[in-house]
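6 protein chains.
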Amino acid sequence: MQYQYRTSSQIKEDIAGSKVAILPVGAVEAHGPHLPLGTDNVLAERLAGRLAEQVDALVLPILPYGQVWSLRHFPGSITIRNQSLIDIVVDIGKSLYTQGIELFVIVNGHLGNGTALKEAARELYDACPELKVVYLFYPGMQKAAKKVRETPALHDAYFHACELETSFMLYLAPEYVNMAQAICDMPDIPVSADATPTPWEEFTSTAVLGDATAAKEEKGEFIINISLKNMVRIIRDVQELVPKDKNRSF
Amino acid sequence: MQYQYRTSSQIKEDIAGSKVAILPVGAVEAHGPHLPLGTDNVLAERLAGRLAEQVDALVLPILPYGQVWSLRHFPGSITIRNQSLIDIVVDIGKSLYTQGIELFVIVNGHLGNGTALKEAARELYDACPELKVVYLFYPGMQKAAKKVRETPALHDAYFHACELETSFMLYLAPEYVNMAQAICDMPDIPVSADATPTPWEEFTSTAVLGDATAAKEEKGEFIINISLKNMVRIIRDVQELVPKDKNRSF
Amino acid sequence: MQYQYRTSSQIKEDIAGSKVAILPVGAVEAHGPHLPLGTDNVLAERLAGRLAEQVDALVLPILPYGQVWSLRHFPGSITIRNQSLIDIVVDIGKSLYTQGIELFVIVNGHLGNGTALKEAARELYDACPELKVVYLFYPGMQKAAKKVRETPALHDAYFHACELETSFMLYLAPEYVNMAQAICDMPDIPVSADATPTPWEEFTSTAVLGDATAAKEEKGEFIINISLKNMVRIIRDVQELVPKDKNRSF
Amino acid sequence: MQYQYRTSSQIKEDIAGSKVAILPVGAVEAHGPHLPLGTDNVLAERLAGRLAEQVDALVLPILPYGQVWSLRHFPGSITIRNQSLIDIVVDIGKSLYTQGIELFVIVNGHLGNGTALKEAARELYDACPELKVVYLFYPGMQKAAKKVRETPALHDAYFHACELETSFMLYLAPEYVNMAQAICDMPDIPVSADATPTPWEEFTSTAVLGDATAAKEEKGEFIINISLKNMVRIIRDVQELVPKDKNRSF
Amino acid sequence: MQYQYRTSSQIKEDIAGSKVAILPVGAVEAHGPHLPLGTDNVLAERLAGRLAEQVDALVLPILPYGQVWSLRHFPGSITIRNQSLIDIVVDIGKSLYTQGIELFVIVNGHLGNGTALKEAARELYDACPELKVVYLFYPGMQKAAKKVRETPALHDAYFHACELETSFMLYLAPEYVNMAQAICDMPDIPVSADATPTPWEEFTSTAVLGDATAAKEEKGEFIINISLKNMVRIIRDVQELVPKDKNRSF
Amino acid sequence: MQYQYRTSSQIKEDIAGSKVAILPVGAVEAHGPHLPLGTDNVLAERLAGRLAEQVDALVLPILPYGQVWSLRHFPGSITIRNQSLIDIVVDIGKSLYTQGIELFVIVNGHLGNGTALKEAARELYDACPELKVVYLFYPGMQKAAKKVRETPALHDAYFHACELETSFMLYLAPEYVNMAQAICDMPDIPVSADATPTPWEEFTSTAVLGDATAAKEEKGEFIINISLKNMVRIIRDVQELVPKDKNRSF
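Chain order of the listed sequences is A, B, C, D, E and F. Counting from 1, position 166 in the first sequence corresponds to residue 165 in numbering that gives the first Met the number 0; the numbering is continuous, with no gaps. Counting from 1, position 59 in the second sequence corresponds to residue 58 in numbering that gives the first Met the number 0; the numbering is continuous, with no gaps. Counting from 1, position 7 in the third sequence corresponds to residue 6 in numbering that gives the first Met the number 0; the numbering is continuous, with no gaps. Counting from 1, position 218 in the fourth sequence corresponds to residue 217 in numbering that gives the first Met the number 0; the numbering is continuous, with no gaps. Counting from 1, position 246 in the fifth sequence corresponds to residue 245 in numbering that gives the first Met the number 0; the numbering is continuous, with no gaps. Counting from 1, position 151 in the sixth sequence corresponds to residue 150 in numbering that gives the first Met the number 0; the numbering is continuous, with no gaps.
Don't read these hints as lab results, they were simulated from the structure. Warning: the hint list may mix true and false statements.
No copy is singled out in the list; a pair is fine if it fits within one copy or between any two copies.
[What the hints assert, rightly or not] For lysine-lysine, the following DSS-like pairs were computed, each having C-alpha atoms within a straight-line distance of at most 30 angstroms:
#1 Lys215 x Lys228
#2 Lys228 x Lys142
#3 Lys215 x Lys11
#4 Lys117 x Lys145
#5 Lys228 x Lys146
#6 Lys18 x Lys145
#7 Lys117 x Lys142
#8 Lys18 x Lys215
#9 Lys146 x Lys11
#10 Lys145 x Lys228
#11 Lys215 x Lys145
#12 Lys142 x Lys11
#13 Lys146 x Lys215
#14 Lys145 x Lys11
#15 Lys11 x Lys228
For reference, chain A alone in the conformation it holds in the complex (with noise of 0.2 angstroms):
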């Protein structure tokens, strides 16, 4: 059920039905040559789409602009502060909550927005008594991921326009994905790119991390339905959480 097509009466009977809201966040970022600037965009509606039937949700509009530091300099990148970020969802967080939301479900679909959204969902914690707030970027994607990819990862955190990526496209959004377009890149990640600030140009020039030529539709199902079962589970799990007063001293 998509929050912005109701209307204010309509939407007031919905909430005393379920108090789950899903807000989709993504980015504008290069994703090589096969995949639009907005994939992570596209992926998080869909995905967003999908849990919500899932656990009788109502999803907010997207949020098409995130934090994009690492690929900020590639042709199309839009990248916004990781504070601007915050505040935005916290102020949607405390009107959500004002108007009787219970559980405020964020569905990422760009990594580099983590950050932000943990921390936003610390200050709400803080700031709204009773509101539950979840972050969820592919739940247990790294391990369904082991059992069907068919070429290496380069990283363990970063995944970008790659075989997993492009999978996630071909069975969510495959009108959008360009396979004849599609190549393989391995730049070599230095090690120090976790500890020092790297823009992704010092290693690759295609913004594609690995092969995206082998990218297959059943690999994205695979996975993207494993995420989903995770985020339905989490879900669940937190909405039976009795939490103790937030702010107790121990």
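Take the given structure of chain A and dock chains B, C, D, E and F to it, following the hints.
Chains B, C, D, E and F only, in chain A's frame:
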């Protein structure tokens, strides 16, 4: 041309050809029983699309959250702070400037965003020497409206979910209008509403400011097309401007 | 009654008798060859004085610095940031609230301050539960002006060092007007000035927006007295308002 | 010469002749039964006027709100945050610098403003390469006071509404002093007041720190004139300083 | 070489010889019954000392306060905000840059500081053109740990007061370990802990995440020495990097 | 008792027994040829240790970075902004308050920190209703110094690497003093240094303000012990204070 559906190398060429980018900005806000919460988003997006055709511009993904102070307590409204809106628009503008955009056009669908957008434009004026920023909220609309409206305006500046805005929707996005639910509500807006913080629940429970039943597609067409012409004219004027050194003393 | 010339114990009694405090806010800004830089300060102070007599209020010392973005490059102009103005007005409002003031009236003599004052009032709305804040910039002036002006208005909202403002000075503070230096300057304000940051040196070198030679004390008297009446009416209305709980959900 | 009563073109010439601008800064604060709340404003303005005559400077309109933490709970006191004061003074300094002023002198009438003014001066030191900023609070006063005071000082740094400050008023602004109401109050200021936040209501209910009845115009004249001489000397010294590059490493 | 025990002229020479400065950053945080609150400080300091010997660096005094959100409610924990940590590290980095340091190495002993340190490094990346910043948290530790740990890891990223951290202490600072108090606690960390703000009191009352009784000096030695080797390698790599212009467009 | 070397459960008991925590705050700053950069850190730590014994307090790890504006350009100096220092001290204070501490004592070894510490204490005064905060910088030192100093003071407030501070070090930490390098430097501090931002390189190249060769352990002992006595007295006084409601109006 949708910016986010282009690839990185495509956008590089696009920008080489056109230096204009359009950002639609809207809001999620109560719009009475006949219009959806996302009315301002729908209008901003469709307007941006039409404008882009006429001025050969790239359309960015919409920023769908705005400053909704006045209606923040109505069911479904989501508000962000002025400062949050300023910050994210400034961030986007700086990225576009880095990317080679010379004219950053903001098509605003929500009056309440006006303050923040003007402030953001001024901040970018000082920060990005050669970037021009234009913010547009239905330019020339008030004058055009006088020619077609059949019911009185309740306020000099505000119009909301009324004969006018409903007509805009009937012209630009009729699939989101439920005229069967349209109502006429003529609240008495106190003079003091322009001089003291006045949440709209002080004078309306419907969020409709006027006679929505008088809305007609033709009225929307007339006003919107004049606004679009004015937008084009402003953009052309600004493109021809050769501004003096921005920070000179007199 | 000048707040600052009372002693501490006197003001305690004064506030017991009247819960209204008026803060004049102006600016230091170029006003052409016939008006001083402090024109907006002079007008705000004199207006505040007259208003205080009619509503039995205490007049605070003027805040003589304002947001002067548009004319900041003209000789003599001094500008402060919107945020600086917001902060100091919020601080003053909180102190007055602590002191027992129930109605904080801001008499503004400079259009450019409008954004910050409205924002400050909203911040105080949330911070001080029972404080009412009113911000006034010549209410009803545009309508009244139509009846007496002999030369055209150059802009819907701006008027500056022109037939109107000079008339205000001739009525309220003639000792600061040098009519021998008054000029007529009818610059062509571009339509885009409302849609892109436009420092006024783009269209004027005099800072006079109209025909100052047409100024007359009688015109000033007519408009000012209507504005004062409107001010009194707004204050009375706000005093009678029994607002609902400010932070309720709907 | 009052800056704000000059026109734009006059001030341009004035600044061509003198590059010095003086900003008086005061406060609205309880000053016992015999002095008005605006005592610090009155003193700062009159001192600034006298100083301007001696150093050929332009006098800006007074900033009449200051940081009044210690007496904020006394009837009539109005306090602004240190940061608010810093921000507005920095803004004013930057404008003056743009306008061609080379020496920005702040005449402070309220001890509590000292921290913010010093911080603002340092901020301007880095922001405006050639601007010099001087902040003055009765320089040399303590030493001069020892020669004329007949009653003991209650504290090394504080003096308030006492023999000294009342004498200053009797000399500079006798029309605001009501000696018939002057009292002697010798509270025991705890040693810890310099080491822990201590609002003055902890040790006084009058806000008078000493024997106001011992005030004499002659004492004020003696101290004020020494302070003025010191002010002139400091200004001359600073004007002659040829500072090294401000941001060099050693 | 301890930076703070050198004199000003000595350090000038030191920096002429070595352009590397190491800042240890830790935290004060509950570490179970057998380890002191300052465990992360002790580890960061000792690691920094060893690293300095190998890369010829100056060691700065430790910043002993960190971001301790997860354990903030446990007795003795002291937490500072991410923003406070970012600001102070950026300040220190700027000073070092002014002093001639070319490589600023941050040895972090507390996982919770990671977000702030990365953000500070990015801020310095933009602010200080030639400064390189490296932030290190036991690089390569997870891989090395697999070879020696005898008890299972409870979480992919967290380790705390457990077999590993206790082993680090037994190797680097045995005088602060009380093995007689060491316990085994294997709480069930919910999957949702990575997706929603989860203070650790939700799943542990001891703050020990694993089997501290399995700690051995040899295990610590093995892991620490691998981490140190990785630190040295990263530093060497970064020193050899010739980064392209930091702010170029692509 | 060193706070950070206690375990979580020990500190819980410690706090049950004593509600006092001491935070030493220092700086890294040029101190002439005979004293190390960390002189203020060494002094603050040793003072805190001695004080803790007398008032039965817990000693926190030192915050070794301070605001060093005046000497920031001297080799080795490291400066942090006032705001950074305020923020971290406020954070620490809030944590201590949560932990049950009732009296937060800050032993400051660096004059330049005074402004920030006072401001932090005021912020905590409003934020933590029952927490008392004391900031101490050698209380009573000036008076005591007059009895033992043999060489003149160069300034009312500043003393630096001179007869006094070197004596403090000879008494509290002789192992860090190199008297063979001690010098006498009697720069002429301009009167304007108290009225305009004046980096110390304007008047000294040694950073020694006086005659360090006149330093004697006995002088340090005399002054330090008086300061310590004053510290104890202030703490006892503050502990006995029963403050009125902090936020009352008068």
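Next item on the list: Kindly indicate which numbered hints from before are broken by the structure, ordering the numbers from low to high.
Entry: 6, 8, 9, 12, 14
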